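K.L.:
So the sequences go chain by chain: A and B. Just so you know, we're using this note's numbering here: the first sequence kicks off at 1 and counts up by one. Just so you know, we're using this note's numbering here: the second sequence kicks off at 1 and counts up by one.
Quick caveat, the hints were computed from the structure, so don't treat them as lab data. Treat each hint with caution, since some may be false.
Claimed, not checked - A few chain A residues facing chain B, derived, Cβ under 8 angstroms: (1) 6; (2) 7; (3) 39.
This structure is a prediction, so every number in the text was calculated from the model and none was measured. Ideal Cβ positions, reconstructed from N, Cα and C, are used throughout, including at glycine.
This is what each chain is made of:
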Amino acid sequence: MDAGPIYVQIGQNVRRLMAREDLRPGDKLPSARELAQTLGVNPNTVVHAYSRLEFEGIIETRRGLGTFIRLDAPVRTMKKEILRKAAQRYATEARALDVSQEEAISMLKEVLDAGTAS
Amino acid sequence: MLAQLREVTKRYVKTEGVRDLTLDIDEGRVMGVLGLNGSGKTTMLKLMAGLLFPTKGEITVLGGPPRANRAKLVYLGETDALYAWMTPHDGERFMAGLYKDFQPERYHELLDFLDVPRRKTKAMSRGERGRLRLAMALSRDVKLYLLDEPLAGIDLISRERILKSLVREWRTGATIVLSTHEVAEAEGLFERVVFLKEGRVALDTKAEALREEGKSVVSTFREVLG
Chain A
1 MDAGPIYVQI GQNVRRLMAR EDLRPGDKLP SARELAQTLG VNPNTVVHAY
51 SRLEFEGIIE TRRGLGTFIR LDAPVRTMKK EILRKAAQRY ATEARALDVS
101 QEEAISMLKE VLDAGTAS
Chain B
1 MLAQLREVTK RYVKTEGVRD LTLDIDEGRV MGVLGLNGSG KTTMLKLMAG
51 LLFPTKGEIT VLGGPPRANR AKLVYLGETD ALYAWMTPHD GERFMAGLYK
101 DFQPERYHEL LDFLDVPRRK TKAMSRGERG RLRLAMALSR DVKLYLLDEP
151 LAGIDLISRE RILKSLVREW RTGATIVLST HEVAEAEGLF ERVVFLKEGR
201 VALDTKAEAL REEGKSVVST FREVLG
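The whole structure should be built from the sequences, with the hints applied where relevant.
P.N.:
Laid out in structure tokens, this is it:
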């Protein structure tokens, strides 16, 4: 199990799946019990994770139907947030290596270009 | 409050099982009782099950003394004491005869889910017997399940199945108290963890609170008990 509270990890996973559009607005999430069973964690922990996502306006519970990604879920913002965090990690590494900003940017561009080519 | 222990001491002839144990156990929780061998885990669970009497102190379980409420709780002990001739089908008749709260339908689901072979227990592996024992225990509809080391000595695949069945069968309102040394695998299941050391509570905390501090139940186990 990774570090950090399990409810936080579940929340991050849902966000990541949404940012990658593996989960889209309107999609149904597994029930707390199903997810708890799959992950081998306490159902209360999943309920806690879901209630936080609901409070943040990302998912909603429809009575008797289940839990869904909200149609107005801020997918673009979430995508940006995740990208920003990854950029921060990259920037930290670049600073630690003491490379110039230009060098760091051109390396990033190089890697991105290589990615599209392959 | 589902159960209370107040300054409970259990002394055996030469040794102490538990000493000055004070705990409140809420309804609807999954609590891990963690500790090394001889730390008092089994003593604590047997006291709560009414199978042992405290030398000192007071225990209330489901609103009364444990012995009076034995029919209203499940205690799954460590010893593998199934009759050799017993098949899962015999197990059903056995349980249905003993307990009014036995749920045959749930028992069949659990036998399937836990993949218990339909043969005599003497022809089963230890893991298979462990799974059968758990299916019998979880098929009762009670508020308190005391499970002593249900994962000990059982193969990895069986352990995973058992953990999943615990999540599956756990109903809101029911409380599971589970003792184990298989801390890593059961980690995600616990809401609260009580670490016992030499019969006393060394640490009593919420599992997620440990993770907020960047720790885990496993690392805390080593830190507190190692």
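K.L.:
So, residue 6(A) near chain B? Judge it on the closest CB pair being under 8 angstroms.
P.N.:
Nearest chain B Cβ about 6 angstroms off; hint holds.
K.L.:
Holds or violated: is there a CB of chain B closer than 8 angstroms to the CB of residue 7(A)?
P.N.:
holds (7 angstroms)
K.L.:
Going by Cβ atoms only, is residue 39(A) closer than 8 angstroms to chain B?
P.N.:
Holds - the Cβ of residue 39(A) comes within 8 angstroms of chain B, reaching about 7 angstroms at its closest.
Every hint, counting from the list given before, is met by this structure.
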